[in-house]
Each structure stands twice: as structure tokens, then as C-alpha cells.
Amino acid sequence: MQINIPYATETRPDTGLHNAKLGIWLFLASEVMLFGVLFSSYVLLRVGAESWPRGADILDVPLGAINTIILIASSITMVRSWTSLLKNDFKNFRLLLSTTELLGVIFLVVKCAEYRLKFEHGLYPSGSTFLAIYFTMTGLHALHLLGGIVVNAYHLVSGKRQWNLNPEKFTHRIEAAGLYWHFVDLIWIILFPLLYLT
Amino acid sequence: MENHETQISKPKSRLFFLSTDHKTIGILYGFTGLLFLLLGFSIMMLMRWQLAFPGQPIPFIGSWFGQDRAPGGIMLPEFYNQLGAMHGTIMVFLGVVPIVVGAFGNYLVPLQIGAPDMAFPKLNLMSYWLYVLGGLCALSSFFMPGGAAQSGWTSYPPLADIATAGQTFWLIAIIFLALSSMLNSINIITTIVQLRAKGLTFMRLPFFVWAQFVTGFLLLLAFPALEAASVLQLMDRLAGTSFFLPSGLVVSGQPLSVSGGGSPLLWQHLFWFLAHPEVYVLILPAMGIVAEILANNTRKPLWGYRSMVYATIFLGFMSFLVWAHHMFLTGMGTIISGFFQATTMIISIPSVVILLALLISLWGGSIRFTTPMLFALAFLPMFGIGGLTGLPLGLTISDIPLHDTYYVIGHFHYIVALGTVFAIFGGIYYWFPKLTGRKMNDALGRIHFAGSLIFMNGVFFPMFILGLAGVSRRLWDGGAQYQFAQHVLHWHEFMSISAWLLAVFQIPFIVNLFWSIRKGKKVRENYWDATTLEWAASSPPPHGNFFPLPEVYRSPYEYSVPGYTEDFLPQNRFMEEGSGLKEKG
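These protein sequences, in sequence, are chains A and B. According to this note's numbering, the stretch in the first sequence is residues 1 to 198, in order. According to this note's numbering, the stretch in the second sequence is residues 1001 to 1585, in order.
Since the hints were made in silico from the structure, they are not lab data. Bear in mind that the values here come from a model prediction, so they are computed numbers and not experimental data. Heads up, some of the hints might be wrong.
[Stated by the list, open to error] Listed next, the in silico DSS-like pairs over lysine-lysine satisfying Cα-Cα at most 30 Å (straight line): (1) B:Lys1439 x B:Lys1521; (2) A:Lys160 x B:Lys1521; (3) B:Lys1439 x B:Lys1519; (4) A:Lys87 x A:Lys21; (5) B:Lys1519 x A:Lys21; (6) B:Lys1122 x A:Lys169; (7) A:Lys21 x B:Lys1122; (8) A:Lys21 x A:Lys169; (9) B:Lys1198 x A:Lys169.
[Said to hold, decoys possible] Here chain B is said to cover these stretches of chain A; the calculated rule only asks that three of the stretch's residues, wherever they fall, bring their Cβ under 8 Å from a Cβ of chain B: (10) 25-31; (11) 37-49.
[Stated by the list, open to error] The calculated label-pair distances, taken between Cβ atoms and stated as ranges, are: (12) B:Glu1525 x A:Ile72: 21 to 29 Å; (13) B:Ser1257 x A:Arg54: 24 to 32 Å; (14) A:Val43 x B:Leu1329: 19 to 27 Å; (15) B:Ser1257 x A:Trp52: 18 to 26 Å; (16) A:Val43 x B:Asp1404: 25 to 33 Å; (17) A:Leu156 x B:Ser1472: 27 to 35 Å; (18) A:Trp52 x B:Pro1381: 48 to 56 Å; (19) B:Leu1136 x A:Ile189: 33 to 41 Å; (20) A:Ala73 x B:Arg1069: 54 to 62 Å; (21) A:Ile72 x B:Ser1247: 47 to 55 Å; (22) A:Lys87 x B:Ala1165: 54 to 62 Å; (23) B:Leu1329 x A:Leu102: 30 to 38 Å.
For glycine and all other residues, C-beta sits at the position ideal for the given N, C-alpha and C.
Looking at chain B on its own, in the form it has when it is part of the complex (with noise of 0.2 Å):
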């Protein structure tokens, strides 16, 4: 084997974003993810106008987008139905999934396996280019005569095969993205089976790690499901094929002329095979980042940390095997719909199991309600309230009302906004201290969480009401033209007022972060008394991490070890044999 006690060594690149380090690739993810989730945002902020005040024009920035989008700052129905599909686009595929796997996974986890890079160092370089290169892809489809892709983040057949040539940019952006994450899920997966330090066992291995071991095996299995759907869409679109197109389709009173013979299931199929385990994907690495800052927080060892492991191993398996609970009104018959509604009944199971044992983990825990604990504790309730709410659309007799109505947004945002962000938020506070050797300022912070919490609620809630009342999720005008809706359309501009209060209150959020990467306070390199080998390395790590590479002696969640005199034992930390501890516990 070759030394490993080499000096502390340059990157190949002296140019930041060519160097190959997971922890500089880390950072380029997640400043690229955050400018996304900013982007993704900002657009919903303008479809939330339209929403609460539909036909009035936009104020102040109405007349930045132009005739053809928004005559007299109006906005028209095809540019609501493309910021639509391109916020959820951006969101998910550009914003949540490249900070949780990308940067959080990038940064962490070779650090927290005591490794001094990735498996493959310029792999990982490339994917974060090639998902660049996808978003480049995907914001270019705005300036696409038609505009950007509007079929809904779904792209559903036959509408998106017939749409505008920003699908087309779409489609080409998702290949892009699918090449990117499976470079990035091989280089996770190898990295956490190979590169782990001396006496770390895959039991001792921290929760977060196994979060991301099996997020990058759904990464790998599921996303090409979309690449080969991606590919047959582009086929349909630019070799005049029919995959999705059925026989007889009339489009403007016109008969479509294809050779017809083809599935608009299929896409939805192939779409939704890789889009379930996606949304495992968006929250599994984010129950990793809360396991971690309640460990820490409550000083005590997470409660049941074989059980949660277990659970997330299950879990993963089982995302493969409920797609088609998005498709109970497609209908694919009964039968299949009983099977799929059997299978998300069984897939609550895992999550539940991970939410009780971080929530029991807090009893009798000695809690200090750090900034990132906060994040932490508002996590808990709210996956929970968007996992209880996700329920009743498992079951296919009561998925049957509720289908496509603002229902089904409220209950995946209390997932997606109110559960990863703010694991999101509280890893951000949590690790900054590792990125930059200083904190987070602590009074910001506090104002953040509280704004966010309040206002994300104040959006999301009131969606379940609107959800009930049986207002459709994709409708240009919010419900206007329906009567039946009319006694809850208030609710929009609740909403609205709320959504843009919520903007307000990620300023201190981002003037804190970059105020605090040059002038926050210094701390010292184990700032939280943390037991896991990211805190073993200096704040910030060197180019190869650790000078030698750390051993580990024990369990990853070593707090308040009974007769030892701290209150917590880093992992790596060498004791010999029946020396301090046992005498005096």
C-alpha cells in the first residue's frame, strides 16, 4: 500500500472550479443548488401573484418579461403553465437533489468515512459539469420560440410530445442530469464500501452515510427509467416516432399524422418509476442530516440506530415498488391499483419507524437549542405532518377526490420545503464550522427559522383546505372560474402574502452566510463536541483531509458515556482496554 502520510498536498487545478476535491466540488454544488432553489422560488413567487390576483397585471416587474409572455405585465396562461412545470423542474431535479446528494454527500461523507477524497475524484468533477450543463440546458429553454417547456414537471404524453421546442431543451437536460447523478451515486456508493477508515464497520458507519448509501443506490438503479423514457420522448419528437402517442389522436381538430400504436401510459410508467424513489432520494439524505444534529444536540446517542438503518434499507428497496400510486386514475385497473396501494401502505412503515426513533431519541436527552437544532425539532412534525397527509392519497378510494388538487402540493411541500429544506437550513448552520473554521451568527439565525417556519406554514396549510374544497393544482387562474370554489379563494392570497413574507425572511439567511464566511466569530475545530471524524479533521479540511488517516475504535454516537469525564468520545478516539470508562461507570 502506498503512504498515506504525504504533506499537505495542492489540488492538480489551481482554478477553483476545476479542482477535483470533494470538499471544493462540495461547495461549487451547493452554491449552485442554493442560486436554483433561489431561482425555483422567485418563480413561484410570480405564479403566486397570478394566483391571488388573476388577469391584474404584475406590479413594478411586469414588464421585464415581454409581449409574447405577458402583455401589458399580465401574465398569459402559457407562461403560467411554463413557470409551473419549470418551478417543480428546477426544484427538484436542479435545486433539493444537488445540495442533499451533491454537496451535503460530496462534502461529508469522505469526510465522515475518514477518507481523503472520493473513490474518483475527476468522475465526481465531471458530474458536477455535466449538471451544469443540464441546468444551462433547461434555463436556455425560457428563450425557445414558445417558450420553456410547459407540460408540467411531469411531462405527460401526448400534450408534451406535440409541445413547444422548450420540451425538447427539457428533455436533452434531464439525459444530462441522469449522466451527472449516476457518476455521482458510483462515485458515493464506492467511496462508502471501500474507502472507510480502519475499524469503521458498516455498523459504526454515522446515520447520515448510510442516508446517503442508499439514496445514491436509488440514484443509480431508478434515474434510468427517465434517461430511456427521456430518449424514446426525444425520438417521438424529433424522429416523428409514436411511443406515447396513441392511434386516432386529433390535436386542433386535426388528425395527428404519426403511425399512432403507441402508450401515453408507458410515460407515466417509466416517468414515475424514477420519480418515486426521487422523492426518497430528496428525503432520505435530509433524515440523515437531522439524525446527525440531534445526536449532537441532545448529548445522547440516537435511539434505535440498528432499527433506523434497517428501516432505510427496507425503504429503499420498497421505493421501487410503488410508482404506480400516482396513477390510480389512470386507468390501469384495479388489480394493479390494489397492489400499489398494498405496497404504500407497507412503505409508510420504514418512515415511520426513522421519524419515532429520531423523535424518541430527544427523551431525556439534555437538549440545547442551537440554531441547527431548531431546524432539527421544526424537521420532525412537519415530515410528519406531510408523511400522515400523504396517507389518503395511498388509497386509491380516497385518492379519487383528492387527485391533482392543491392537496397534493400542500402534503409534498410539508415534505419537500418544510421537511428537506430545513434539513437543508439546519446542515448549512451545522457544518458551517467545518467549511469555513467560523460560525453562523446565531441572532440571524434565529429570526430565519422563526420567519420561515411561520410564513412556510402560512403557504402550504391552507393548501390542504383549498385541497379539500376540490380546487385543481395546474389551473392558470387558482380555481376563478368554478363555482364551487369560490368560498376558498381568499385562501390564495393568504397564501400569496405569506409565500412573499417568506422571501423577506431568507435575507438574513443569505447576508448571515456571507457575512459569516469572512467576518462570523472564530470557533474552535470541534465547535459542537461532536463524536463523528468529520470534526477529527481541521476546520477547513486540507486537500487530502487527514494527516495520518484517522482509526475508528467505536459506534458513531458515543455521548454522555457514563464515567467518562467529557460528555461525548469521538469515535476516533483511543482507549485502552478497560482503562477510564469501565472504573468509573
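The following block holds chain A by itself, in its conformation from the complex (with noise of 0.2 Å):
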């Protein structure tokens, strides 16, 4: 028998948290802090630089914008299959949540894709200094977003399980999936700006 943890599913009133609430904004905290080492990177490697392509000129740009498109739209698709779990909602839920994991597949494809053309010309990391944090910044990106599917898939397969067990911990895990997949996506936004357009 297991022993019963506190606030783990219901507010703390004092602090009016419950565990895994603080627990998720905890990680998002150190994750703003590995991706933001590697955006001050991008500058200091930017700056001392003696010449920096624009970005537009080597990379995919309307590849790179309807990805943008693709994970705005699996941000809206998550935060809504939270919102039907709010409203009891189970069959919306898993239509959404499934829609917003088919969005980030795509999105996956598309890199590839992406990725392939490139080493179809011969750009390799190894090119060049501007190739080399694209490669690494976005694939650090894909295989978060990797993550996340992975998670959005296990809420999925045992779903209607945990629902059933215990809905409000099943929307709380529903709640803390969504805020790091709208991470995953913000970063996106803020990549695709810095590589595709400067």
C-alpha cells in the first residue's frame, strides 16, 4: 500500500498550489534557462562573427511559417482538450488531443523534410557557424517536441483509465502536458523569427 502525499492532487490553501502545478512551472523555469543560454550563445556567436548569412537566403522560409501555423494551431487544440475536460467532456478531449498530437507529427515531418533538403545541398552543421546553432537549436527543439508527444500519447492510450479513476488528478496531468507543449511552441516562436527572418 502506497502512503498518501499531500496537496498532490488537491490546492494547498496557502499556497494555492497543488505539487504538480509548482512542479511543472519548476521545470519550465529550468528549461527557459537551457534555451536561453543557448539564444545568448546565438548572439555572442552572432556578434563576433565576421559575416552572418540571412537566414532567409539559406533556409525554407514558407516551410518554416506553416510549421509556425501547425503549432499555434496544436497550442489552441491542447489548451481546448483541457478546457473539455473541465466541462466533462471526455469525447471532445480525446478527438483534440488526438488532433493536436496529428498536428505535432506533422510538424516533425516537415523538419525532417526540412532537414533532408538541406543535406541534399550539402549544408551540413559543420558548414558553417549560422548551420551549425540552427541544427542545434532546432533539433534540441524537435526532440522536446518529441517529448511531448510522447506524453499527449500516454494520456491518450490510458486516458479513459485515469479519467475514470480519478478525473481532477487526470485534468491536473492534462494541465501540466499543455503548459509544456505551449513552451515547446513559444520557443518555436521565437526561433523561427531569429533564424528564418534576421
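Take the two lone chains, each set in its own frame, and fit them into one complex as the hints suggest.
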């Protein structure tokens, strides 16, 4: 038998939080530092470089723009899947989370196609500092998105069971997963203009 | 809210090393960390042979290392560099931090705040195993072609970028350790914020918990910098990028065929953005341990508890703004150096506040010279020496001759070895009765204390002499190749013999530790007559710790309350309004 951890689902009155909510925000703070460091490195390398290419000359802006739209759309379906749970509409939740998953996978497919195009033109990370930072940052972002897809897939597969067992806890989990998803989306929204448009 | 008054329950997994109980994980962290501490120490003893007797075959065990590391028992420079890099890495990332945060933090924080467990028990277990994975990764690099990482624990590029395969393993290990400490710090912060017992406000938290709280934020926000930097260096090494490789680099007479345009200085900024807060990760929990031991053994409240807490928070904040004082000699410019010199001087203020508060706490106390108290008392002047010798390093002008000399090594070992490691020892002696229901042997403990104090000083004090004479710190022969160093080189022999004798005096501790687990004298549950909540649980505490969860009525160190019959008033003891205390007082 397991012991009960206080405030795992219910809100602690004096802090106004349940554990997972604080946990996910702390995790995101750490992630902000991770990507913040990479953005700072980008700035430092670019300032120190003798010449820096225009992103649009090397990267495929239409594909990047399509991906931006896809990811923003996925954020909308993600938050709507959470609100459906709040309205006790599990069926709608499943539909919306599946759409989120689909959009996430499409993003990755487009990203892979972009990488392939680059490789076909002989553009590798070792080519220049611009390409190096492009591949590193978008690659790390794609890994984060993959992580989000895995988490959502778990919630899709075991959602019914979790929902029946403890709907409040499951809603909290979707909220946390959603916060993470929005964060990954936000990173892309900064990456896209930084790498493609400047 | 769910019912907390569940009966004593068993953890889900019967296997010790898969338990999600915070106490089991804390013990696992502790033993693994102590093993790494011993390994790092053994590596250092090998290096000390080479420094005292350069070019002579290592006695007895020289043949163990093989022809490509030590032909004929004589250590090769490359092998010495590997040992040096791995000594630092093991001690900092795999030894001390896992002990003070992973072991002491995991075991004590939930107990001291009256919680049944950590907020996320499964993540806690995961963080331990990521740490083990990182440790194995770092160790396995010794068996790679070309050996382990050999660019120092700081792994400065461009050398680290072009080093042998061991460096790749070092980077992967660091990424695992970053993930591990991220999970652990999220857990500790959430636990402290969310699971405090009823009535336990922030200003009633034991100082140890405050230290862990600030440490958690340092690990959470600083480690991602090294994680990102490690990813960039991995890309440099595996994908051929040039994040840290400048244009026009020539290696062994051959121009390096990379795109160039990178910045070696970028690595240093990213590395020290972690590694300076990391220094405070090493020392803050140690101060917490010492504060607990001091309050208990002086039988009076800590002096200036509030100012200590505020100083700790300020220290944590400032520790993010001082990193480039490690880089005064890189040519980053006098204006930037001036800024970091100023912040460095500012950060010494909260450290002094904490140390002085601890020192003044002794005033007027009825001091019990127990074994843990001896270690805590030794901590104060030793940390003082470590701190004061740091000031000349924080000033740009005096840093120029001292930078990268033995003086630096002496300075930070006074903080980490004579400070943190002493606090660790004291903490082990102090909380051992809580872990086992038995106490450690005092005679052996005192031998261990005296030997450690004398010989640690014997190892590290001469380093100041060598450093002031200008002997550089990473030389394979300890400086024998330089004319100017000849008149101080005899100290190397003195330091090495001290180091080996120091090892001898760790034997009583190891014997004591294992002997006392089974055979130590049985003691009552609140053996030290302490006030904090961990002593309200039974020894060892069962899974779930408290039945029912305790309530807190007062601040953490209510010792020698005037008019109260006993000289300690536990945080969870209920007193009716106006009863007992005030009437007699």
C-alpha cells in the first residue's frame, strides 16, 4: 500500500497550488534557462562573427511559416482538450488531443523534410556557425516536441482509465502537459524569426 | 483531503534500490556519494605520489595501470592529466553535491518539515538512477582509447574539443547529471513549499531546510547552462561544428579543417555560469548542517536566524552575478572585470553574515563537545580561512599573480574539504542515531576528527606557500622544471605524506560507520534532545514518517527556554496558552 502525498491533487490553501503545478512551472523555469543560454550563445556568436548570412537565403521560409502555423494550431487544440475535461466532455477531449498529436507529428515530418533538403544541398552543421546553431537549436526543439508527443500519447492511451479512476488528477496532468506543450510552441515562435527571418 | 492516518505501509517495491521512499533514496545517494568521494580521494593520492616524487615508479601498485598509462610504474603526463580532470569531476559532481543535496537533502528535508515523503517519489528514484548512469558514464571513460577526459574538470576548449574520446563520455555524463539534479531540485523545492506541516511557516523552517531551498534554485537555474554548453561541445566533437573553435586554429603544425568562427570564451562563460553557483551548492547545505549541529550542542537558539535566512537568499541571488571572476585573465576587458570584482566583493558580505551568526551563536552557550560538534566547530575557522583567502582572488590585481597557482587549490579546498566535507562528517555523526537507532562510537569518532583536522591542514596549508611562490597548479611534475620553484618544492613531499596519513585516519571512520550500523550502542529516539521535527519520528522512521502528521507551534531552535523544565522545547510540542512557560519565567 502506498502512502498519500498531501496536495497531490487538491490545492494547498496557503500556497494556492497543487504539487504538480508548482513542479511543472519549476521545470519550465529550468527549460527557460536551457534555451535562454542557447539564445545568448547565438547572440554572442553572431556579434563576434565576421559575416552572418541572411536566414532566408539558406532556409526555406514557407516551410518554416507553415510549421509555425501548425504549431500554433496545435497549442489551440491542446488548451481546448484541457477545457473539455473541465466541462466533463471526455469524448471531445480525446478528439482534440488526437488532433494535437497529429499536428505535432506533421511538424516533425516537415522538419525532417527540411533537414533532408539541407543535407541534399550539402549543408551540414559543420558548414558554418549559422548552420551549426540552426541544427542544434531546431534539433533540441524537435526533441522537446517529441517528448511532448510521447507524453500526450501516454495520456491518449491510458486516458480513459485515468479519467475513470481520478478525473481531477487526470485534468491536472493534462494541464501540466499543456503548459509544457505551449512552452515548446513558444520556443519555436522565437526560433522562427530568429533563424529564418533575420 | 485524504486520510493521512494510514497504518504503517510498505513501499511498493520490495527491492531496496527500487524503493521510492525518500529515506531509502537518501541512503543510496549517501553510500554512492561516499564511494565516489573515496575514489576521488584515491585518485588524488596517486597524483600526490607523482607530485612528491616526479618520474619515480609508483610503489606496490605501479604495475596495475598498464604500459599505456604508467610504463614501468612511472606515470605518464597524459595519465596525470586524466587523473586531475577526473578528481575534480568526481569530487564535485559525483561526490560532494550528491551527498549534501541528494543524501542529506532527500533524507532530512521531508523529516524536518513533517512530510510523509517527497512531493514526487518516482521522480526522486529516477533522479538517483540518472546520477548513477552519469557516474558510470564518467568512470567508463577511463577505458576508452586515449583514456578519460584530460582537459581538467573545467573542460576548456579548444583543447577539450580536440581531446580523445573520453571527453565525449565526460560530456554525456554531465548531461545525465544535469537531468538528475534538475529532477532532484524540482522535488526539493516543491516539497518545501507544499508539504510543510501545519503551523510550519517559512520563518519557522530549520536553517538546514532554508539552505536546501536556496540550493535547489541554484541547481535548477544554473545547471541548464552547463547542459546547453555540453550539448554545444558534443556538437563540436561529433558533428564537426565550431561553436568553441576560432578561425585559423593550428594543431600540431596542421591547420584544423573546421569552419571556425567560434569562441572559446563562450564555453568559459557558460561553464562558470553553472560552476560558480555550484560552489554555493557545495557550501550552503554544509552551512545548514553546521547550523543544526551548533544550535543543538550550544543549547541555545541560533543567533540572528532571520538575518541568516535573508543572507542565504541574497547569496543565492548574487551567486548568479559573479561567474566571470574566474576569467579575469582571459582578456575579456577591464570594464567587465571591474563589474565582476564589485559583485564578488558584495557576495562576500552575506557569507560573512552567516559565518558570524554561527560564531556568535557559540557565545554564552553551554557547549557539549560531542563528536558532531567537534566537526561543526572546526568548520567555522576552516571555512573562515577558505573564505578570506578567496578575497585576493576576487580582486583583479591580486588575481593576476595568483591565478592558476596552488594558492587557488588551497583556497577552495579549505572551503570544500575542510568546510563541506567536515560538515558532511559532522552530519553523519549527528543524524546516524536517526537513521539507525544507534550511535556511532565516540572514541573512533574523535580519532577520525583529530587526524582529519591535522592532516587536511597538512595537505592544504602548504599550497598557499607554493602558490605565493608562483607554482602553477596543473603541472605534471609539480613545478620541478622551473628554477624559481625549487626552494618550495620540498613542501610537495610534506603534503603527500599528509595526504596518505589522512587516508589512514579515514579508516576509523569507515570501520565505525559499518560497525555501528549493526553493533553501535542503542540510543533513545531523541538522542540529542533536539527540537526539530525529524526527532519527532521514530528511529529509523517508518515508510510515511509520521503517524499522524505533526503540527508545529514554534520556531526551530527553542533551547533553554526560561522557566521551562527541560532545556529544549520541540517544535511540535503543544502548550496551552499561558501555561508552564510564562508563569515560571
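Hey, Lys21 (chain A) versus Lys169 (chain A), does the alpha-carbon distance stay inside 30 Å? holds, 11 Å
Compare the distance between the alpha carbons of Lys1519 (chain B) and Lys21 (chain A) with 30 Å, and conclude whether the hinted pair is satisfied. violated, 45 Å
Would the hint linking Lys1439 (chain B) and Lys1519 (chain B) be met if the CA-CA limit is 30 Å? holds, 9 Å
With respect to the beta-carbon atoms only, verify the hint that Trp52 (chain A) and Pro1381 (chain B) lie 48 to 56 Å apart. About 54 Å separates the Cβ atoms of Trp52 (chain A) and Pro1381 (chain B), which means 48 to 56 Å holds.
Pairwise beta carbon distance, Leu156 (chain A) to Ser1472 (chain B), judged against the given window 27 to 35 Å: violated, 60 Å
Please verify whether Lys1122 (chain B) and Lys169 (chain A) have alpha carbons no more than 30 Å apart. holds, 16 Å
Outcome of range test on Cβ distance (Glu1525 (chain B), Ile72 (chain A); 21 to 29 Å): At roughly 59 Å between Cβ atoms, Ile72 (chain A) and Glu1525 (chain B) fall outside 21 to 29 Å, so the hint is violated.
Between Leu1329 (chain B) and Leu102 (chain A), does the beta-carbon spacing fit 30 to 38 Å? violated, 55 Å
Lys1198 (chain B) paired with Lys169 (chain A) [C-alpha distance capped at 30 Å]: This hinted pair holds, its Cα atoms lying about 23 Å apart.
Range hint compliance [Cβ, Leu1136 (chain B) to Ile189 (chain A), 33 to 41 Å]: holds, 39 Å
Under a C-beta cut-off of less than 8 Å, do 3 or more residues of the segment 37-49 of chain A approach chain B closely enough to confirm the stated coverage? holds (count 7)
When you take the CB atoms of Val43 (chain A) and Asp1404 (chain B), is the distance between them in 25 to 33 Å? Check passed, 29 Å falls within 25 to 33 Å.
Against the hints set out earlier in the document, violations occur for numbers 2, 5, 12, 17, 21, 23.
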